[in-house]
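Student: If you read the sequences in order, they're chains A and B.
The opening residue of the first sequence carries number 361 in my numbering; numbering runs sequentially from there.
The opening residue of the second sequence carries number 361 in my numbering; numbering runs sequentially from there.
These are computed hints drawn from the structure, not numbers from a lab.
From a predicted model like this one, the values you see are computed outputs, not experimental measurements.
Some but not every residue of chain B turned toward chain A, in silico, with C-beta under 8 Å: (1) R397; (2) K401; (3) G441; (4) D461; (5) I468; (6) S471.
Note that the Cβ used here is the ideal one computed from N, Cα and C, for glycine as well.
There are 2 protein chains.
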Amino acid sequence: MEIAIKEALKAKKHGEVPIGAVIVKDDKIIAKAYNKRERKKNALYHAEILAINKACKKLKSWRLDNATIYVTLEPCPMCAGAISNARIKKLIYGASEKSSDQNFLELILSSTRLNHKTLYEKDEQYEQQCSQLLKDFFKKIRKK
Amino acid sequence: MEIAIKEALKAKKHGEVPIGAVIVKDDKIIAKAYNKRERKKNALYHAEILAINKACKKLKSWRLDNATIYVTLEPCPMCAGAISNARIKKLIYGASEKSSDQNFLELILSSTRLNHKTLYEKDEQYEQQCSQLLKDFFKKIRKK
Chain A
361 MEIAIKEALK
371 AKKHGEVPIG
381 AVIVKDDKII
391 AKAYNKRERK
401 KNALYHAEIL
411 AINKACKKLK
421 SWRLDNATIY
431 VTLEPCPMCA
441 GAISNARIKK
451 LIYGASEKSS
461 DQNFLELILS
471 STRLNHKTLY
481 EKDEQYEQQC
491 SQLLKDFFKK
501 IRKK
Chain B
361 MEIAIKEALK
371 AKKHGEVPIG
381 AVIVKDDKII
391 AKAYNKRERK
401 KNALYHAEIL
411 AINKACKKLK
421 SWRLDNATIY
431 VTLEPCPMCA
441 GAISNARIKK
451 LIYGASEKSS
461 DQNFLELILS
471 STRLNHKTLY
481 EKDEQYEQQC
491 SQLLKDFFKK
501 IRKK
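From just these sequences and the hints, can you work out the full model?
Tutor: If you want it as structure tokens, here you go:
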């Protein structure tokens, strides 16, 4: 998660909402990425999507079996769906998403639609740090 | 929808699950794409994601306001999330997704999380044709 936070800080440096993601398989980092939505003017360029894209290209496979994804913020439905579609084994996230009216993680990652369930858990150790990063960013934006 | 079906036929030609998508804005087609998951070995390469990616690049914007997306099959959670994230106004789909235990379209497209709701409807006129395309494809796969 520390490396995902470093990715999030890169996003912040570019004026993006500070969110980072890292994918690990067999104890090795196979992809890392940060949010580039504003800079690249693309709705798909969330940290998780960019990391999954890199990982699929690296492994030359759409299946990321036995991989774990670390994300500094609880994924949105698009990213949770992508994590599930890529058959990622486990998601570990930092800050919780508070703006949602649904528990999308549970709904999407535990759905029976793919005969695949992605395990998920909050990283209690880094939750506060990930959350503070986002709070500080939005506070600064509001001041402007 | 006829153009989305033509896209789906291109996917079929390449041995991919026949799914196509078209994005229209101001009465003009701004993007079209078909499923390339197997060929490109990438979990993200659903027709909708590829079409949204093209449309964002074309408009140089992550917001596809007032756009309509036509898809031959009811989108999965990843694609429904992407449609919502891109602020697409309306989704029209052909065949219904029957393998899902949740009404993900309603849950994701009508969620209050983004202050954006994407309207959606089934295209009754083309439902049968889109559905038959998929049935024939899977029948052939099973025979093999």
